[in-house]
Amino acid sequence: MTTTIVLQQAINGIVLGSLYVLVALGLTLIYGVLVQINFAHADFVTLGAFAAYFFMHLVGLGYIPSIAVALIVGAAMGWLINASIFTPLRRKNNELLPLIATIGVSVMMQNLMLAWFGPIPYAFETEFSRHVIRFAGIFVSWQNVIIIVVSALTIALLYVFMKFTFLGKALRAVSQDRETAGLMGINPNFLIMLTFVIASALAGMGGAMLAPVLVLTPFAGTSVIVKAFAIVIIGGFGNVEGTILAGLIVGLIESYTTQFLNPGLIDIVVFALLLLMLAIRPTGLISERREENV
Amino acid sequence: MTRTLRTLCTSVAAIGLLTIGAVAQAQDKTIKIGALFPMSGPGSYFGTQDKQGVELALEQINQTGVNGYKFAVHYEDSACSPLPATQAAKRLIEQFKPDVIIGEECSDATLAVMPIVEQAKVPLLNAGSSSIKITQPGNPWTFRIMPNEVMQGINLAENAYRRMNARRAVLLFENTNAGIGNAQVFKENFTRLGGKVLAEIGFGRDVNDFTAIATRVAGLGEVDVIPTYTLEGQGLKITQALAQAGVTKGGGGNAIQIGTIWLPFGFEQKAGKAALGYIRIVQFDPTDARPVARNFVSAFKAKYNTEPTHLNAHAYDQIMLIADVVKRGGKDPETIREGLAATKNYSGVTGSVEFDKNNQNVKMDTIHYMETKPDMSWVSLKWN
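Sequences listed follow chains A and B, in order. Quick note on numbering: the numbering used here labels position 183 of the first sequence as 183, and the sequence is numbered without any gaps. Quick note on numbering: the numbering used here labels position 254 of the second sequence as 254, and the sequence is numbered without any gaps.
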């Protein structure tokens, strides 16, 4: 086995891991603040992918602006669905209702997209897909460079927002104790809405980043969401740093399982890791920070 | 005179009513066809294109009817997967009570449906599933028009070895009955001829990024052919990843992707330059000069304003073969089953049909090869 192949698979794994992180971050944010699993998250990813695709092909302004459009579409849909469906259900003080509603929203969005976009896979080629950098036997497409750079920038911005801005600190306060945060003058409902908007914007942007990699159909997001859930659990539900670390680890596991074992074994290896984590470290990779997850 | 006239008028009226009644009764006679097609999930492109072929055939045969019968189709979404397919088949049989069922496309789904149709004693006419298990052992109620994986695999391996001079192969396949079966048949026959299989790489339907797989293939050294067995979406990503890794002709390498009946027409345009040199079996050759094929192509273009695909064609053939069986006396599930079994040299748009004792079509003229050219068009290779 040459060093080149090992290095190449490391790059492949980091690219894949970055994509998983973008999807999983939204899930973990919502769980951290609301203690709610959002089963519709995958469909925001798909919506972002289609938004980017159609913006690129109908407006023709290129791939980079389409990422911004996907982010905006994701954020707008997140706000709309939270305001019209989840918020009224949350007022009924039954934790199960919003959870089940996320399943309903997921099925509804999938079928609406099926009706609008049809079932035939779309080929999402960007101006960067076919430009490949080759160096000492290693190859990486410009598309993958963009994925790594945008993911790193997003993670950094999210980190700065959470740690150093008033709203970020308020979000963390709500995630720790919603009632006490309310007594301190923080409006929890506004921050819940903000969480949904940020998570959906991340999903939309993740969709635009994934679209050239994914098999783009109305069910595209569902193919990554199971892995994203696994990453969130391995990283520690609600733990942003843990999710980033777990995403990169899962990406690397996939690459090296493909190289040294067989891609058919990827799910076995990833979910064996998940079970192992649940058994020996159920609070996730970075468990010490569990009380301050967001 | 008045009495005679009244009697005459009454008689004419009675004859008229009887005739109208008989005609009405004849027009009421309907052959009910249940269609199990994937309408959702990753295989839903099958269902969309199948439906176009079915609707065209229905439009044509219902203009006059066949032996006084009209044809009605009820669609159920079988989702290319065993569980939804069995549920859809049960719904179809219990509620629609079909005389014959067509579908599914995916082998796993077809295999799951077969015991249900056998128990209900309704014939199942399949055109899109390649697993050998469908007809070996099969059951008396299941018929398959398309060449099975063994027929395709032997033919593909022989052509790869003899016509393409390939000696080293890497197998890429989805981990399903059809994917694994197709790959194994190729391997057995390619190695029997003297070829070598360097790696067998199976993957789940949830794999999206094939760069890691392409990297592994690139690390195997010189490869001549890469038989690939997967649905269109993953197929696109594999083709692009292999080109990006510099393995295939489309990426400046030497390897050529080959395959059996999995991908629809138009795949080349979506895959772009990466698909250069791809050689694959298709079930329908739009350049086929036979009148039945030419008439189908022109009727399809007139109705849908686009070229037909092999999925359109084999769905059309399913309905037209049933119409042929009805013409030969089929009128209910049992007689349609007997009629299908007795089919000899039926000429459809995908090729000809004649079933063996396992209800497998034995005609090899349903196997057509096409090669992707540099301008992303394709050429029929006329290898069979």
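For the record, the hints were derived by calculation from the structure and aren't laboratory data. From the three backbone atoms N, C-alpha and C, an ideal C-beta is built for every residue, glycine too. One or more of the hints may lead you astray.
As the list claims (entries may be wrong) - Derived DEER-like restraints, expressed as beta-carbon distance ranges: (1) B/Lys373 x A/Ala279: 38 to 48 Å; (2) A/Met108 x B/Ala72: 22 to 32 Å; (3) B/Ala289 x A/Val107: 18 to 28 Å; (4) B/Ser298 x A/Phe54: 31 to 41 Å; (5) B/Lys373 x A/Val107: 54 to 64 Å; (6) A/Leu153 x B/Ala199: 32 to 42 Å; (7) A/Thr3 x B/Arg167: 40 to 50 Å; (8) B/Gly252 x A/Phe260: 37 to 47 Å.
To be verified - Below, a list of computed lysine to any residue pairs in the SDA-like style, where the Cα atoms sit at most 20 Å apart: (9) B/Lys273 x A/Arg134; (10) B/Lys51 x A/Asn111; (11) B/Lys273 x A/Phe128; (12) B/Lys51 x A/Ile133; (13) B/Lys249 x A/Val140; (14) B/Lys249 x A/Ile133; (15) B/Lys273 x A/Trp142; (16) B/Lys70 x B/Gln87; (17) B/Lys249 x A/Ile120; (18) B/Lys273 x A/Ser129; (19) B/Lys273 x A/Glu127; (20) A/Lys92 x A/Ala76; (21) B/Lys303 x B/Lys273; (22) B/Lys273 x A/Lys169; (23) B/Lys249 x A/Asn262; (24) B/Lys249 x A/Arg134; (25) B/Lys249 x A/Asn111; (26) B/Lys187 x A/Asn262; (27) B/Lys273 x A/Pro282; (28) B/Lys32 x B/Met164; (29) B/Lys51 x A/Ile120; (30) B/Lys187 x B/Met164; (31) B/Lys187 x B/Glu158; (32) B/Lys331 x B/Glu158; (33) B/Lys51 x A/Trp116; (34) B/Lys331 x B/Met164; (35) B/Lys249 x A/Ile103; (36) B/Lys249 x B/Leu220; (37) B/Lys363 x B/Asp324; (38) B/Lys273 x A/Trp116; (39) B/Lys373 x A/Leu114; (40) B/Lys273 x A/Tyr159.
*Is the hinted pair lysine 273 of chain B and serine 129 of chain A satisfied, with a Cα-Cα distance of at most 20 Å?*
holds, 12 Å
*Going straight from one Cα to the other, do lysine 51 of chain B and asparagine 111 of chain A come out at no more than 20 Å?*
holds, 19 Å
_The hint says 22 to 32 Å between methionine 108 of chain A and alanine 72 of chain B; measuring C-beta to C-beta, is that right?_
At 31 Å between Cβs, range holds.
*Within a Cα-Cα threshold of 20 Å, do lysine 249 of chain B and isoleucine 120 of chain A meet the stated pairing?*
Violated - the C-alpha atoms of isoleucine 120 of chain A and lysine 249 of chain B are around 26 Å apart, more than 20 Å.
*Take a look at whether the Cβ-Cβ distance between leucine 153 of chain A and alanine 199 of chain B falls inside 32 to 42 Å.*
holds, 37 Å
*Taken at face value, is the distance from the CA of lysine 273 of chain B to the CA of lysine 303 of chain B at most 20 Å?*
Distance of about 31 Å is beyond 20 Å: violated.
_What's the verdict on lysine 51 of chain B and tryptophan 116 of chain A, does the C-alpha distance respect the 20 Å limit or exceed it?_
holds, 18 Å
*Has the given pair, lysine 249 of chain B with isoleucine 133 of chain A, been kept, meaning a C-alpha gap of at most 20 Å?*
Holds - the C-alpha atoms of isoleucine 133 of chain A and lysine 249 of chain B are around 18 Å apart, at most 20 Å.
*Indicate whether the distance between the beta carbons of alanine 289 of chain B and valine 107 of chain A respects the range 18 to 28 Å.*
violated, 48 Å
*Given the proposed pairing of lysine 273 of chain B with tyrosine 159 of chain A, does the C-alpha separation stay at or below 20 Å?*
violated, 41 Å
_20 Å Cα cutoff - pair lysine 249 of chain B, arginine 134 of chain A_ = holds, 17 Å
*Taking only the CA atoms, is the gap from lysine 273 of chain B to arginine 134 of chain A under or equal to 20 Å?*
holds, 18 Å
Of the numbered hints given earlier, the model fails hints 1, 3, 5, 7, 8, 12, 16, 17, 20, 21, 22, 23, 25, 27, 28, 32, 34, 35, 38, 39, 40; all others are met.
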